[in-house]
Every structure is written in structure tokens, then in C-alpha cells.
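K.L.:
Residue-level listing of the chains:
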Amino acid sequence: MADYEERRSLLGEEDEGPSGGRPAANGPGRPLPPICDPSHLLHRVVVLLFMCFLGFGSYFCYDNPAALQTEFIQDLDLNTAKFMQLYAWYSWPNVVLCFFGGFLIDRVFGIRLGTIIFSLFVCVGQVIFATGALVNRYWLCEVGRFVFGIGGESLAVAQNTYAVNWFKGKELNLVFGLQLSMARLGSTVNMNIMGWVYGKVAESVGSPGHTTLGVSLMIAAVTCLFSLVCALVLGFLDKRAEKILHKEEGKTGEVIKLTDVKDFPFTLWLIFIICVGYYVAVFPFIGLGQVFFIEKYNFSPAEARAVNSIVYIISAPASPVLGFMVDKTGRNVVWVIIAVVATLTAHMMLAFTFWNPWIAMSLLGVSYSLLACALWPMVAFVVPEHQLGTAYGFMQSIQNLGLALIAMAAGAILDNRGYLFLEVFFCTCICFALMAVVTLYFVDYLKGKRGSQLFLLSCEISAHPSSYRYSLLPSPSSSRRRFEPVSLSQSQTPERSHFRRRMMMIMMKKEHTWSWASEPAGCTVHLRAVNQLPWGGTVLLTPPSAVICGSSHQN
Amino acid sequence: MAAVLKRSRGLGCVLLVLSVFTLGYCTTSFRRQLTVVLNPGSSSSPPHGGDLLHVRAVGNNDTLHFLFCSLGAPTLLLVHTNTSSSTVKMNWTQFLDGNHSGGLKVEPESSILYSTAIVFSRLLEYDDSNDTADPTSDLFPPYRLDNFTWSRLNLSETSALLCGAADSFTNGSLCLQLSVFAEEGRDQAWPRLLHTANSSQLGVWLDGVLPRAARSRFLLELQAVGGAHPLSRVEVYRSIDDEFTPSIFQVSRWVPSENSSSDVLGFLQWKPVAYRQPHPALEDATPCRHSEPQPQSGEATAATSRLIRAFYTEPETFGLNVSFGLAGDPFYNSTKFLSWTVLLGSGSPPVDSFSPLVLSMMAVGLGTPMILLLLGGVCVCVRKRAAAMAAAYEPIN
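In order, the protein sequence lines correspond to chains A and B.
Here full-length UniProt numbering is used: the first residue of the first sequence is 1, the next is one more, and so on.
Here full-length UniProt numbering is used: the first residue of the second sequence is 1, the next is one more, and so on.
Quick caveat, the hints were computed from the structure, so don't treat them as lab data.
Nothing false has been slipped in among the hints.
Here are the computed lysine-lysine pairs in the BS3-like style, where the Cα-Cα straight-line distance is at most 27 Å:
#1 Lys447(A) to Lys262(A)
#2 Lys447(A) to Lys384(B)
#3 Lys328(A) to Lys447(A)
#4 Lys105(B) to Lys89(B)
#5 Lys336(B) to Lys82(A)
Which chain A residues face chain B? A few, computed with CB under 7 Å, are given here:
#6 Phe354
#7 Asp415
#8 Cys427
Positions of the beta carbon are idealized from the N, C-alpha and C atoms, including for glycine.
Turn these sequences into a full structure, and let the hints steer you where they fit.
P.N.:
And the structure:
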């Protein structure tokens, strides 16, 4: 029950009375104005604003090299392979840090200090990066990207933890959606504005060159500074809310156990292959995209940047919509197959035709968003809850490893074999993902046919044992329509978030009979729990406002 | 599942082997016998002022004569005859005299199907102080290549190297390298143009020349000379295949204007790229542009090139400029090197196709998931059927 207590304290304000009506620590007897009251929506909106801008700087600066590809290569006298090292150096620290980011936040720094420290890393990394360009020392640029990488991914984890801490049980999905949109916005703005910034700096400096590049990157570093300010303000507001509401500092709740790796099911490894095979064909391509559009389609640099950023532009509004769609229909594996095939088509269009790249890139944008919505929640279907933290950490870790290696390989391939070969190489990577997802489909299908199809029941404890909200998740490929009354708030999850681990999962047999809605409140359901739950093997769920409940005639 | 993977990999291997075989078959389909003679029929060696190289490429029932001459402006002449026994007849006194045609004849004259020549007439330099790469203004007095001092032809197997310099060059040189091929293939060095046995390749490079301005860019003036069908228009093709010339998606062809028969008689083909280093990497590539071919005085061309004078009685000439570098690209001064490559050949220009590696990667990549899908589908169907059978025989109690 310790687990439960922790959750309850996180959401302490849930059961409290109407906002603003409660005495606060610093103003005894006097109600706070809504904007200053941590339990009021208006205050949370302010917090949300800071939360969204917390990640803006890191997303803005992550794709700086892509936005200024030609300038980097000319001003620092690089080849493409060396240029792609900038991306590789970002990924290297995250191969390891994905396992420890949550641990550092929970056990070492705490969420507030952790966020500030990671923001500082981002900031300092970007400044080192810019200095490297300013003095024309490429190794210094690489060091900068490394430091930047240390902060970047962990900052995303911290951002998610803040979101869960402040919005759990309330507007969490919306908040995640907004954060993701903000991240995409950061990338998009960067892609479209950095060229202009560089041009303006070149005008005032006199000529393009490494000085101009350095100054432009320093200007970009202002966004990181802005994010650092957001981290500080958030830290202050969180501390204040803790005092007023007597709540606990947020935790990622991650438990990473590396020994779990040996217990990972075959299907999880397939998901890893999909993840690596897919993402290595998207991010390194965007990193190299600008010059590709200039060289192959004779685009102007500004237009090339615009078409390169369309993936992010589409992703911002499409992610929530597609997430909703995947939630409603279920059948994640089928959606993943569709996304992978669409991406393959987009890459083949870019490789083998002169068709307008807006078509291919838009398709890539939609399929990329679809994949993110369908693939990441699938992990929760195939591993028990206590291994979820390790599974996600591992997944991000190999993703970063793949990105680092493929970024270097892509640069070298482009330098020696050209864009056609590079695109064919990316197609091959996606084909690996396609093989894995087709295999996953059949493995899942055949497993299901053996008569012991497993369903997942996940319940979320919102505040009190008497107000359990729970819902059913079918196995990845089966339709969710059969469980129409189900509503699950947390299956629509953006990538990189860790909050799914809070879901409880119970595996149960297909033969159980279910009846919907008509049952009176307080009905019991007997479930076979395969993983360790705080309350043991048989679960008694007593929702006060029963939307669904099931009863078993077996056992 | 392992069995499935293994099987599909096997099929991939078969595909790979197949495609390699097909390509192998293509490359060995046609060969020419090459005979290289320097200054054919000349008693004095070296003759005055330059060399004449004759490469005779004999095919099954035709002959290509490649004649490369450094007397005057460097000129490459290609004569296509329809017998495998045609010969070149030289009259050296008349050839060196340079006043009348007839110093060089291909016999029998009736066997000549087509002839074309390319003259490298002038090297132009302009001061691009505003970095616009617009060569109309600020042109320095051009270097005339017929006034250059040319070295002896340096022969090695099937290629010949010719270097020369203007008197005003303090150091550095302009070099031309001619390669003639017995069969289809491509060079190891970029731009790795695909050549057939019907084409020859000319590499031109400008090495170490001191530019007359810090922001100098160069142009090369080419003149195409022909008898009946001179090369008169440049077609630019877009190609998706940049595997051999990274980041270049265009091919330019200088061909005769369309005649009654649809097949092309001869061509000059290049990719619009020059390189700023002798052993270039991708970032040393610099784009080049060409002007529209303009008709020019054949007599003036004949006056600059001994070979044109000797072979053609009434030369028809078109000229164009190839300019190196676009606005924003580094100037010649940055590396003091520029190289550019062009093919001259008869018949239709060779067209790049996907390499076997690309084809096999796509075949394996797309084929394996398809096979997986098929096998999986079959597997599922079999299981379904088995389940249905089992259900049908269940006792009814």
C-alpha cells in the first residue's frame, strides 16, 4: 500500500474543496487570488506556460546544425560525415543517461534542482558549441554538443515529471499534447528562422564566416537561457505550491533494473527493432535534408528549410488527433504497419522520383506522428508493469545508440555515394522495421489463437479507493471496439514520457465473461494477476460511478 | 521465424547474384580493339610545334578514329566509319602548313558515317568582385589556347596527357587528359562518368595558375565542329541517380539538332560539376553552367586548330562557354585548382542506371517483408483451417 500512499500524496489537492477557499500558509485566513493559488486552474495555466517553454530552448537548438547545414560545412570547413558528428555527439551521452535520468531526478537532485541542472547543461552546452564556431575550433563544437546532449534528453524527462506532478488526474493528456506541440514548434521555428538570423548577422559582421556562425549560435543560445529562466521560475512555483498544499516533490517513479533485460519477451525486442529502424531513417534524414532539397530539387535555401521542417509542423497538430484515433480503434500493430509503409513510400518517392518533395515530406510527417502514437504505448502491452521503466529506458537507449551510429554512417555514405544511395540505405533501415512489425503482427496473431489471449486491464488510482477509474486495453492487434464503454486517459502517450509506468496492469484470460454498465456498483471481478500488485492476486474493484465492471463465472 | 528469415535471405542472395550476372553480361557485350599511334606516318620526331595522336578503335563492323592534336588549340576529332578497315592518311607537309584542308584524310572517304570535333579554344577569366558569378562584366583579356606552349603528349596505355601554359602564367598549367576505352565502364575519380566503347573522355584541369584578381572565376570556351550535323543544342536531363557523382542530379548533352532519323549521331556529355581539388571530396564540388551554343565562323576555328583545317573543308562551328562556380561558391584563389570532365562519343550518349548494389538492396529490403507476409499469411490460413476441421468433428452432446 506504500505505492498507493505515494500516489495519493502526489495528487493531494484532488479531493480538496473549491479553489481559493482554503487558508494558505502565507496568508492565514485570507483567500489567495486565483492566479496565485496553486490549486486553481488559472495558476496551473501559468505553470503550464513555463512548463512548455522549459523544453523550447533545447528543441530549438537541437536542430541548429540542420538549419544551417551549408553554413556549417562552409564556415568550419567540414565534410558531411564530420557535420553529422554533431548529431552523433548529442546522442552518445543519452545511450547511458536514459537509464539514469529518472534515477538522478528521483534520488539525487530532486525534480526542481534536477530541472535547473539539466537546463544549465543545455545552456552551457549551447554556449560552448557557439564558442567553438566563433573561434573556429571544431572539437570544441563537438564538446558543446556532448554537454548539450547530457542536458537535453534528461530535461524532457524532468518536463514530463513536472507535468504529471501538476496535472495528474486533470488535464494531463492535453498538457502532454501541448508540450509535444511546443517541442515541434521549437524545431520548426528554428528551421525557418536561423537562416534569416545568419543572414542578418552576416550583414552586420560584414561577411559570412565562422564568426557569423558563432554569433548566430550565440543568439540561438538565448532560447536556452530563456528555458533556464523557466526552470528557475518553475522551481520556485513548485516549492511554493509544496508549502501551500503540503504536497510532495514530483517523482518520475522510474525503476530501472538492468537484469530485467534477460526477461524481455521476443515481442519487445521486435518493438526495439521497429523503433531503431524507423527513427534512424527519420532524424538523420532531417539533419541532412536541407542541402538535399537544394541540390536535387533546386530549392532556395529558405524553401528547403521550410520543406525540411514540415515534418515537425505536421506533427504538432497531428499527434493528438492521431493519438485519439489510435486509442479509439486499437489495433496498434496495424497502425504501426501503416506508418512504416507510408514512411517507406515517402522515402522511395524522395529516392526515385522528382515529384514535389512537399508530398513526400508531408506523408513522412503524418506517418511519423502516427508511429509515435501507436508504437510507444505498445510497450505497455508486452511487458509487465514493474519492467516498464527498464523497457522504456532500454528502448530510448538503443534508439540513441542507433541514431549516433547511423548519423555518422549517413554522413559518410553521402560523402562517398550520394543522395540516392543514402535514401536507399534509409529505405533498407525502414525495411528492417517493416520486417519486425510484420513478424510482430503474426507472433501476436498466433499467440492470440492459442486460446489464452491476454488482455490488459489497467487501472488508474485517481484519489481514493472508492473512486477507482479503470479501463481495459486489449492486446496490441485486437480491436478495442469490443470494449466500447472503456475510456482510458493515459494510453495516448507522447514519446519520451515516462508516466505510463504508473499504470497498473493485470493480465487476464479471454474466457472471462464481461458485462457492461448494467451491473450495479460494487460488483466484483476476479482476475488472475500475473504481476505483483499491492493487493495480491484477486482484485476487487468497486467504482462509485461504475462505467464498466465485469464478473467472472470461472474460478 | 528463423527459418523464414533464412529462406528470404537465400532469395536475396539469388537476386543479388542474378543482378550481378546481368550487369556482368552487359559490360562484356561489346569490345573494341584499340591501336594507339603517335604522329602516324611522320618521319621527323617530334614534328614541329606539337603532337598528333591517333587512336583506332575497331569494332565488329565499324571503326572509330580518335585524333587528338596539340598543334594550335587542343582539338579532339572523332570520325565514325562503317567498315573495320578504314585508315587515316596523313600528308604531313600539308598538315603542318596549315593553309589548306586535305592534310588528313580518312579512307575510304565513302565509309565516313559521321564526324565531329571539339576545340578547346579559349580560357576566360573575370573578376567577380561582387560575388554574383555573372561572367558578362569585368572580363580580363582571354587566354588563347592556340598561343599556349604545349608539352609533348605523355602516353600511358589508353590515355594521353597534354599540359600547356600561356606565356603570362608565372607558374601553373592547363592540362587535358584524353582517355579512350575498349569497353563500357567508368573512371575511379569523380565525376565517374559512364563511358561506352563508343566514347572518349577528356579531363581538363587548371592547376596552380595565378589568378589576375583575388576573386577570379574562370570560363572555358568550347567549339564543336562538324560537317553535315554540327552539335548545335544542349539538352539538360535530370537524373535521379547521383550514386556515381554525389549530389549532382543533372546531365548535359550537346547534340546535333534533330534530323530526320531519330537516333543521335554524336554527342558531348558532361555533368555540371567541377572539382576544386585533385582528389576531391564532396565539399570540393563546384557547380558549373553553360551558355547556349552560338554559331561561329568555321574559318576562324580552322585558323586556330591545325586538325580542323586539315580534315574539314567547310567546317560548321558552334561555340559555348562553360563557367565554373555559382554565386557564393569559393573563388579559384581558394584552392588554385579546377577540374572538369567531358565525354565525346558517337551514337547515343550512355545513360546511368542503378548499380547492382542499389538494386539488390531494394530487392532484398522490399522482398523480405513481402515473403514474411506471404509465409505468415499461409501459416495463419493453415491454422485456421485446422481449427475449423477440429471444430467440425466435435461431438454434439
